[in-house]
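K.L.:
Start from the sequences and build out the full structure, keeping to the hints where you can.
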Amino acid sequence: RRDGTFRYFEINAGGKGTGGSFVAADQQHFYVHTRHKGTRAFALANGAKTTFRANEPVLADGHVYSAAVDADPPQVRAYGPDHKLEWEIAADATGDLILSGDHLYAAGQQHLTAIRLPAGDRPAEISWQLATGEPVERLLAASGTLFAVTRSGAIQAYGAAPPEPAPAPPTAPPTAPPTAPPTGSPPPTKIVPRLLQAGDAAGYALWYGAADGPVPAALAADSPFVQLAIVDHDATRVDRLRRRLDATGLYGRVTVHRSAAHTFRAPQYVANMVFLGPALTATADRQLLTDLYRSVRPYGGVMHLLTSGEQRAVMARVVAAELEQAEVELTPDSVLVRRVGALPGSADWTHQYGDIANTIKSDDRRVKLPLGLLWFGGNRNTDILPRHGHGPPEQVVGGRLFIQGINQLSARDVYTGRVLWKRDFQDLGTADVYYDTTYKDAPLDPSYNQVHIPGANGRGTNYVVTPDRLYLAVGDHCLVLDPASGATRQEISLPPDAQGERRQWAFLGVYQDVLLGGLGFARYRDRKKLAFENEEKLRGNRAGFGSKSLDRAGSLALVGFDRFSGKQLWKIDALHSFWHNGIVAGGGQVFCLDKNPQLIEDALKRRGEASPDTYRIVALDHRTGALQWQRSDGIFGTWLGYSETHDLLLQAGASGSDRLRVEVGRGMAVYAGRTGELRWKKDQLKYAGPCILHNDWILTNANSYADSAGAFRIDTGAQKQVPNPLTGELLPWKITRTYGCNNILASEHLLTFRSGAAGFYDLSNDSGTGNFGGFKSGCTSNLVIANGVLNAPDYTRTCSCAYQNQTSLALVHMPDVDLWTVHPLAGAASKQRRIQQLGINFGAPGDRRDATGRLWLEYPRLAGASARLSVKLNAEARFYRHHSSTMTGRKQPWILASGVAGARDVRIAMQLRDEFELATGLPVASADDDAEEDENGKVHLRSGDLELVENSGAQLIGLRFNDLRLAPGAKIREAYIQFTSQQTGDEPANLIIAAQNSGHAEPFREDSHDLSIRPKTTAEVSWNPAEWKKSGESTTAQRTPDLAPLLRPVVGHADWRAGNSVVFLISGTGQRIARACAANGKGGAQLVVTAEEYATRPLSAEPHRVRLVFSAPPLADAPGAVFNVYLQGRRVLSRFELNAAGPAASQSAVHTFDDVQIAEELQIRLEPIAGETQLSGVEVVRSPPAP
78 RRDGTFRYFE
88 INAGGKGTGG
98 SFVAADQQHF
108 YVHTRHKGTR
118 AFALANGAKT
128 TFRANEPVLA
138 DGHVYSAAVD
148 ADPPQVRAYG
158 PDHKLEWEIA
168 ADATGDLILS
178 GDHLYAAGQQ
188 HLTAIRLPAG
198 DRPAEISWQL
208 ATGEPVERLL
218 AASGTLFAVT
228 RSGAIQAYGA
238 APPEPAPAPP
248 TAPPTAPPTA
258 PPTGSPPPTK
268 IVPRLLQAGD
278 AAGYALWYGA
288 ADGPVPAALA
298 ADSPFVQLAI
308 VDHDATRVDR
318 LRRRLDATGL
328 YGRVTVHRSA
338 AHTFRAPQYV
348 ANMVFLGPAL
358 TATADRQLLT
368 DLYRSVRPYG
378 GVMHLLTSGE
388 QRAVMARVVA
398 AELEQAEVEL
408 TPDSVLVRRV
418 GALPGSADWT
428 HQYGDIANTI
438 KSDDRRVKLP
448 LGLLWFGGNR
458 NTDILPRHGH
468 GPPEQVVGGR
478 LFIQGINQLS
488 ARDVYTGRVL
498 WKRDFQDLGT
508 ADVYYDTTYK
518 DAPLDPSYNQ
528 VHIPGANGRG
538 TNYVVTPDRL
548 YLAVGDHCLV
558 LDPASGATRQ
568 EISLPPDAQG
578 ERRQWAFLGV
588 YQDVLLGGLG
598 FARYRDRKKL
608 AFENEEKLRG
618 NRAGFGSKSL
628 DRAGSLALVG
638 FDRFSGKQLW
648 KIDALHSFWH
658 NGIVAGGGQV
668 FCLDKNPQLI
678 EDALKRRGEA
688 SPDTYRIVAL
698 DHRTGALQWQ
708 RSDGIFGTWL
718 GYSETHDLLL
728 QAGASGSDRL
738 RVEVGRGMAV
748 YAGRTGELRW
758 KKDQLKYAGP
768 CILHNDWILT
778 NANSYADSAG
788 AFRIDTGAQK
798 QVPNPLTGEL
808 LPWKITRTYG
818 CNNILASEHL
828 LTFRSGAAGF
838 YDLSNDSGTG
848 NFGGFKSGCT
858 SNLVIANGVL
868 NAPDYTRTCS
878 CAYQNQTSLA
888 LVHMPDVDLW
898 TVHPLAGAAS
908 KQRRIQQLGI
918 NFGAPGDRRD
928 ATGRLWLEYP
938 RLAGASARLS
948 VKLNAEARFY
958 RHHSSTMTGR
968 KQPWILASGV
978 AGARDVRIAM
988 QLRDEFELAT
998 GLPVASADDD
1008 AEEDENGKVH
1018 LRSGDLELVE
1028 NSGAQLIGLR
1038 FNDLRLAPGA
1048 KIREAYIQFT
1058 SQQTGDEPAN
1068 LIIAAQNSGH
1078 AEPFREDSHD
1088 LSIRPKTTAE
1098 VSWNPAEWKK
1108 SGESTTAQRT
1118 PDLAPLLRPV
1128 VGHADWRAGN
1138 SVVFLISGTG
1148 QRIARACAAN
1158 GKGGAQLVVT
1168 AEEYATRPLS
1178 AEPHRVRLVF
1188 SAPPLADAPG
1198 AVFNVYLQGR
1208 RVLSRFELNA
1218 AGPAASQSAV
1228 HTFDDVQIAE
1238 ELQIRLEPIA
1248 GETQLSGVEV
1258 VRSPPAP
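In our numbering, each number is its position in the sequence shown, counted from 1, plus 77.
Hints were generated in silico from the structure; no laboratory data involved. Since the model is a prediction, treat every value here as computed from it, not as a measurement. No false leads were slipped in.
30 Å max Cα-Cα, derived BS3-like pairs, lysine-lysine: (1) Lys614 - Lys1106; (2) Lys161 - Lys126; (3) Lys1015 - Lys1093; (4) Lys625 - Lys614; (5) Lys1015 - Lys759; (6) Lys606 - Lys625; (7) Lys606 - Lys682; (8) Lys797 - Lys445; (9) Lys758 - Lys811; (10) Lys1015 - Lys763; (11) Lys1048 - Lys1093; (12) Lys682 - Lys763; (13) Lys758 - Lys682; (14) Lys1015 - Lys758; (15) Lys126 - Lys114; (16) Lys811 - Lys445; (17) Lys605 - Lys625; (18) Lys949 - Lys968; (19) Lys797 - Lys759; (20) Lys161 - Lys114; (21) Lys625 - Lys648; (22) Lys682 - Lys1015; (23) Lys644 - Lys499; (24) Lys797 - Lys763; (25) Lys758 - Lys797; (26) Lys682 - Lys759; (27) Lys517 - Lys499; (28) Lys648 - Lys606; (29) Lys648 - Lys605; (30) Lys625 - Lys682; (31) Lys797 - Lys811; (32) Lys126 - Lys1107; (33) Lys682 - Lys614; (34) Lys682 - Lys605; (35) Lys763 - Lys625; (36) Lys968 - Lys445; (37) Lys1107 - Lys614.
Pairwise CB distance ranges, derived in the manner of DEER restraints: (38) Asp895 - Thr929: 16 to 24 Å; (39) Asp545 - Thr793: 36 to 44 Å; (40) Gly230 - Asn882: 21 to 29 Å.
Beta carbons: idealized from backbone N, C-alpha and C, even for Gly.
P.N.:
If you want it as C-alpha cells, here you go:
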C-alpha cells in the first residue's frame, strides 16, 4: 500500500465464478467475488486462499457482516476476526447489506430492515422494517437518507421523518439563461435541424466551446444522440449548464465537462458529429483541428465549425490542415468537414476466413502495436453463439460489426460498440451445427456447458457481408438483407436438384458480383448408407467430432448467381463433394476441391469399393462456370487458399485443435492459378492448420503450448529464416503460444489468437508473442482486425473461466501504451553458443525490442518461455518494478521503471545455458523422438503413450536423447532412464534395453523397420520393472537399471562429439505403459547420467561494448545511493550517485564502456558507499562481430 511494490498475483485460486468486480479488504483478509454475490477470503499477507466465504461482506472494526442467503428464513450473520460466528438475526439481505453508524441496513426481496448492532449486554436487534414493493438490489446511505435501487431501476429514498412538500420547479432556471444569438442570426430552432441533417444524428456527439450559447442549449433540449458531451473550459458556464440540465431531467444523455478543447482528448472515431462553437472556430489552429477531428467517425461522420462570419478564411484553414479523408464544404451555419469512407490503410473482414480466398488475413495496415482501449461494454454475450460450438466469427464491413447468435443476427458500431440493429429469426437451421443438445440456457451456471463441436470449422459460415448487402443462408434459399438496418431486400432460391428436390443452401460465398451457393449438404452417411457403430461409445467432447460432423462439411453441387438480381449464372455438380474449406475464388476464377473425407473413404474401402482416382481440383470461370482446368493427381488436402498477388493456389491441410478429425496435417502443394501447373510440393511437411497467406509467405498455425512449423515462401516453398536475436545464427522463423482453442488470424502488422488470454504476435518488429491481458479470446477466433480497429466481441457465452474482464471491447493504435512480449526464438538458439548481443531489463514484466531492434530480455524470467540466461546475483539483491509512466519524459522509460536493488555482484554468462542437464535429467525433447515399431515393421511417431512393449503384439520402442554434453571417451559412472507411468501395471515384464551402436544417432523416421534395422550395441541390459501402482508416478519403480554399459561404447565411437544424440531401443515381453513426449516437449522419459566431467565449450576473451542503465526507484521517500562500479574487476565509475529527489542527472543515467574484455562471463561489481545500489539494465554487444 505504501509504494505499490508488487507482492503476489493469483487469478484462479477461488475457482470458476460468474464474473463480478466486488473486492473488499480489512487488516487481515481481502474478499474477492466468486459467483452470484458470494466472495472468498484470502490472507492479505501472502494471498493464501481460506475456506471462509461470505456474501458481499461488510467489514468494520475487525468484524465481518454478511447475508446468509441459503438460510431459511434468511439471516444476517456477524463473524469475528477469526471468522467464527458471533451472532445472527433473521433478516433478508439477499439484495444488499450496508453499515451506517450503529445500524446495518438489509435489503431483501420485499423489505428493508434496520438492525442495531449489539452494545454491552444488549444483543443485536431489529429497529424497523419497511415494505419496498419489489426486490432491492443496492443501498446507499448519505445525509441522513437511505437510498434504495430496486430491480426495476427505481430509486427510493427513506428518511427519519416525512419529507416536506417539494417546492414547485421554477418557471426558469435559477441561473442565467443561454446567451441570446447575435442580432440578425437565425434562431437555434432553424440552425440545429440543419446541422443535424448534415450527417447521421445518432450515437455520440461532442460540442466544444461556450456551454451557455443558444445552439448547445437547443442541441441539449432535444438531443437525438445516445450521449451529447459538451466541453467548455469555463467553470461558471459548466456549473450553470449542469444545474439547468439536471433541473430539466436531461443530465445523463447530455453531459458537461470542464476542460480546454486541446486537453480533453476524446476517444478516436467515436463521434457521429463534432461541433465547434464560433469563438473556438475563430481561434482553432492546425493542431487543434487535427486533434478534434480525430474523434470524427469514419464513413460519414461530420465536424461542424460554426462561424459568425469569414467562412472562407476558416475553410482555407481547414483545407490547409490536410485532415484525413476530409471533404470540406460551406453551409449556411458552418464550415462542414465530412470524414469520407474508410480510414486510410484499413480493410474489411468478410467470410469465415477474412475473404473468399481463405487467406485468413486482413489487409488492414492501420492497426499496429502497441494498442490501447477504444471502448468496452456494448452488448452482452447472450446475443452470441455458445463458444464451444465454434460458430462463425464476426464480419466487419463498412464500420459495422456483424455477429450471429442463436437464431439471431445483430450489427454493432465498430467504433463505439453501440447496437445498430438486432434481428431474430424463427429458425436459422444452426442447431446441431453451431450448438447442440449439450447447450443449456443458464448463463449464471458455472458448470460445463456445450461440448466442443467443429461448428463453422467444418460447415463454414452461413452468412457473408459486403458493403451493400448481407447474405444469409436459411433452408433452401438465401436472404439478402440491408446491412444498415437488417431488413430483407430480396430472397434468392436454389434450383431443384436432378430429382426435383429442394436441397438446403450449404456453402455460401461472394466473389465480385457472383454469389456462390452450395446445392445440398454432402450428407455422406445417408447418401452412402454408412453406419459407424463404434461412434455410439463416444462421449463428451469426442461425441461432436464423429461422422455426423462431416455431413455438412461439403456440398453436392455449386451454383453461381448474379448477387444483385439473383439470376442463376451456372451450376456444376461434384463428382464426390465440394469440400467447404476447399472452395475459394480469385483471379477471375472459382477453385473447388472435389473429394470425400478420409473417414468416408476408409468406410467405403471396407465395403469393397476401390479408392477413387477422380478426386480433383477444378478451376471455373467465375461468371460462366466454364471449366478452366482441373487436376486429378496428388489430391490429398482438406484446404485451399488463393493468393491474388502471386496468382497461386495452395492445397494443404487444416489439422488443428477443435477442427474436423479428418483434417490433414501433412503436405503442401502450390499451383499456378491461371493454368494449374504445379509450382512446388512438400509431401512430408508436418504442421498445424489452417494456413495463413500473408503476402509472400504461408504461415502455419500453432496449437496450444507448441511452436508452429514456420513460414514458407508461397512461390518457392523455401522456409523463412531469421537471425537469432542473441547469437545471430539463422533459425527457422516460428511462433508459439500457450493454451489456445482457436486458430490464428492475421493482419498486416500482427497475428491474433488465444494464448491463455487474448494474445498476439508482433510481425512488424518481430518482438514475439504477448498478451493484451485481462480478457479472453473466444473459442471462435474473434480477434478480428478490420476497419482500423482490433475488434473483440465477447464470444464467451457459456464460459466460466476466471478472466478478469468479461466484455466486448475494441483496441486501436496508441503509441504510448506499454508493450511486453516473450520472444520465441530467443530460447531457440543452439545451447552453449556464444551470445553476440544481449539486453537485460531487470525486473521487467516481459521482453521488448528498442527502437534500434535490440531485444531486451526480462530477468528474472516470469512472463513465459524465453532465453535461459545464466545470471548470478548476491543473495541480498531484490527486484522491483513500477509502471513506465513513472518515468515519462525520459529515454527508454520502460527500462528505467524496473531494476534490481541491493545488487553487489552481478555475473552474466556469455553462453546460453541448457534448460536441462545430464546430471539431473535430459528429457526426450520432441514428440518425434520417441517411437514405436510394431511386429510388421510399421513405425509410429507422436504416440499418446509408450507401451513397453506389448500392444496387440510385441513392439520395439525407440527413445532418442539429444545434445548430450559428454566429451569423447568420457568416464561414465552411472546412467538410467526415468519414466513416468501413464497407467497402472502389475503383470510380469521382461524388458531388454540396448543402444544404437552409433556416435550420432539419426532422427526417427516413419519408414518401414526404421528402428529394427539400426545397429545395436553388443551389451544389453535386462529390466524387470516392479509394479506400477498409479498413474503419474515417477519413482524407482519407473527407473531402469544402470545403462552405463550401453552408453560407454557410444561415447567411445570415433564420430562421437559433445552435443551428439543417442538412441535406446527397448524390446522384450510384458507391458508397462509410460507417458510419451507430448507435442509441447513435456512429459516424456528422462536420461540421467553421472559422469566425472561434463563437456563445456570454453570461450576466449574478446572485446565488448557494455552499457549500464541506472535509475532511482520513483518513490518520494526513497533514499539516495552512492556507489562505485566495477567491470571485470576494474573500477569504471567512482562515487556514482542516484537520487530520485535530486536533479535529473542523478535520477537516472546511462554509461557506455568500450573494449571490455569478456570471456565466459561479464562481472559487474557495485560497491555501496551510501544507500542501496540500483541497476535497471545491462546491454552487452560483442565488437567486432564474429566473422
